[in-house]
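If you read the sequences in order, they're chains A and B. Residue numbers 1 to 83, in this note's numbering, belong to the letters of the first sequence in order. Residue numbers 1 to 146, in this note's numbering, belong to the letters of the second sequence in order.
Since the hints were derived computationally from the structure, they do not count as laboratory data. Note that the coordinates shown come from a computational prediction; the quantities given were computed from them, not determined experimentally. All residues carry an ideal CB built from backbone N, CA and C; glycine is no exception. Accuracy of the hints is not assured; some may be wrong.
Restraint ranges, calculated between C-beta atoms of paired labels, are given here [to be verified]:
hint	chain 1	residue 1	chain 2	residue 2	range
1	B	F8	A	V23	18 to 26 Å
2	A	I12	B	S15	42 to 50 Å
3	A	Q7	B	R101	35 to 43 Å
4	A	N68	B	F8	13 to 21 Å
5	B	E80	A	N68	33 to 41 Å
6	A	V23	B	R101	42 to 50 Å
7	A	I12	B	A22	43 to 51 Å
8	B	A38	A	Q60	19 to 27 Å
9	A	G15	B	R91	29 to 37 Å
10	B	Q71	A	R45	36 to 44 Å
11	A	V30	B	R76	22 to 30 Å
Chain B stretches covered by chain A per the calculated footprint, using a threshold of three residues with CB under 8 Å from any CB of chain A [what the hints assert, rightly or not]:
hint	stretch
12	18 to 30
13	38 to 46
14	82 to 88
15	93 to 99
16	105 to 115
17	123 to 133
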Amino acid sequence: MLVLSRQRDQSIIIGDNIVITIVDIRGDKVRLGIEAPTEIPVHRREVYDAIQRENLRASQLDPKDTRNLGTQNATGSASPPGS
Amino acid sequence: MHINTTRFGPIQIESGDVIHFAEGLLGLPSCRDWVLLADAENDSLAWMQSMDRPEIALGVVSPRRFVPSYQMRVARRELEPLRLDDVQAARVLIVVSKTERSITLNLKAPLVINLSRRLGRQVVTNGDLPVQYVLGSASPALRKSA
Numbered sequence: 001m002l003v004l005s006r007q008r009d010q011s012i013i014i015g016d017n018i019v020i021t022i023v024d025i026r027g028d029k030v031r032l033g034i035e036a037p038t039e040i041p042v043h044r045r046e047v048y049d050a051i052q053r054e055n056l057r058a059s060q061l062d063p064k065d066t067r068n069l070g071t072q073n074a075t076g077s078a079s080p081p082g083s
Numbered sequence: 001m002h003i004n005t006t007r008f009g010p011i012q013i014e015s016g017d018v019i020h021f022a023e024g025l026l027g028l029p030s031c032r033d034w035v036l037l038a039d040a041e042n043d044s045l046a047w048m049q050s051m052d053r054p055e056i057a058l059g060v061v062s063p064r065r066f067v068p069s070y071q072m073r074v075a076r077r078e079l080e081p082l083r084l085d086d087v088q089a090a091r092v093l094i095v096v097s098k099t100e101r102s103i104t105l106n107l108k109a110p111l112v113i114n115l116s117r118r119l120g121r122q123v124v125t126n127g128d129l130p131v132q133y134v135l136g137s138a139s140p141a142l143r144k145s146a
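Using the sequences and the accompanying hints, generate a full structural model.
So, in structure tokens, the structure goes:
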């Protein structure tokens, strides 16, 4: 991995059109400003990973799993939430 | 044209039925072309069937049907590739999944579709919405909208 030191208000540029700027540094938190073309998705890594996992899980859904869908909502919380 | 599907068998579709997701979906980047199919038994459910992979289909629902207070907060740039003339015309669909005992909804990353241009995109919403909202749990998870 390439590691660069930057100070507040300094940037790095990736390719011709992605600019990442250090906007603020407070304690262990860094705020980044990201300029990128709209066709390049930008995500927080943990959110990206969670959605990726969820899509893969969802793609295994079987029509018979959904028979009660729509009736469940009307009956309220019959089953406890949780995994 | 015909496509084969694992769940629904061979189905006949028109080329105008295809919805193109230029980036695929997260975790399914190669699945770019989809068709929206009604569920045979449940009118609150539809299926997004991948044209590229017969075994890939996502159950989808309208968010308002299950989470009446749902509001999609999303950065403008997330919607730009859809070339919507009117943001209100966007069709929002929530992906259904399940855990061992519950049906869950991915409120964090809905599918947004421009039906007139047949373009779709999975967007990542702002705020603290769950990727696994348990259907039937007491309160919708709209506690924070920062």
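**OP:** Between the stretch 38 to 46 of chain B and chain A, see if three or more residues pass the 8 Å beta-carbon test, and mark the coverage as holds or violated.
**Re:** Three-residue rule met by the stretch 38 to 46 of chain B, so holds; n is 7.
**OP:** Take the C-beta atom of A/G15 and the C-beta atom of B/R91, compute their distance, and say whether it sits inside 29 to 37 Å.
**Re:** 33 Å, holds
Original post:
So does A/N68 sit 13 to 21 Å from B/F8, Cβ to Cβ?
Top reply: Given a distance of about 20 Å, which is inside 13 to 21 Å, the answer is holds.
Original post:
Is the gap between the beta carbons of B/Q71 and A/R45 within 36 to 44 Å?
Top reply: 25 Å, violated
**OP:** State, for the Cβ atoms of A/Q7 and B/R101, whether the hinted interval 35 to 43 Å holds or is violated.
**Re:** 51 Å, violated
Original post:
For the stretch 105 to 115 of chain B, do three or more residues have a beta carbon lying closer than 8 Å to a beta carbon of chain A?
Top reply: holds (count 3)
Original post:
Mind checking, does the stretch 93 to 99 of chain B have 3 or more residues with a CB under 8 Å from chain A?
Top reply: This one holds; 5 residues, not fewer than the three required, reach chain A with a Cβ under 8 Å.
**OP:** Could you tell me whether the CB distance from B/A38 to A/Q60 stays inside 19 to 27 Å?
**Re:** 21 Å, holds
Original post:
Should the hint that A/V23 and B/R101 are 42 to 50 Å apart at their CB atoms be regarded as holding?
Top reply: 43 Å, holds
Original post:
Quick one: are B/F8 and A/V23 within 18 to 26 Å, going by C-beta?
Top reply: At roughly 49 Å between Cβ atoms, A/V23 and B/F8 fall outside 18 to 26 Å, so the hint is violated.
**OP:** Establish whether the coverage given for the stretch 123 to 133 of chain B by chain A is satisfied; the threshold is a Cβ-Cβ distance below 8 Å, and no fewer than three residues must meet it.
**Re:** holds (count 3)
Original post:
Between B/E80 and A/N68, does the C-beta distance stay in 33 to 41 Å?
Top reply: 38 Å, holds
Hints 1, 3, 7, 10 and 14 from the list above are not met by this structure, while the remaining hints are.
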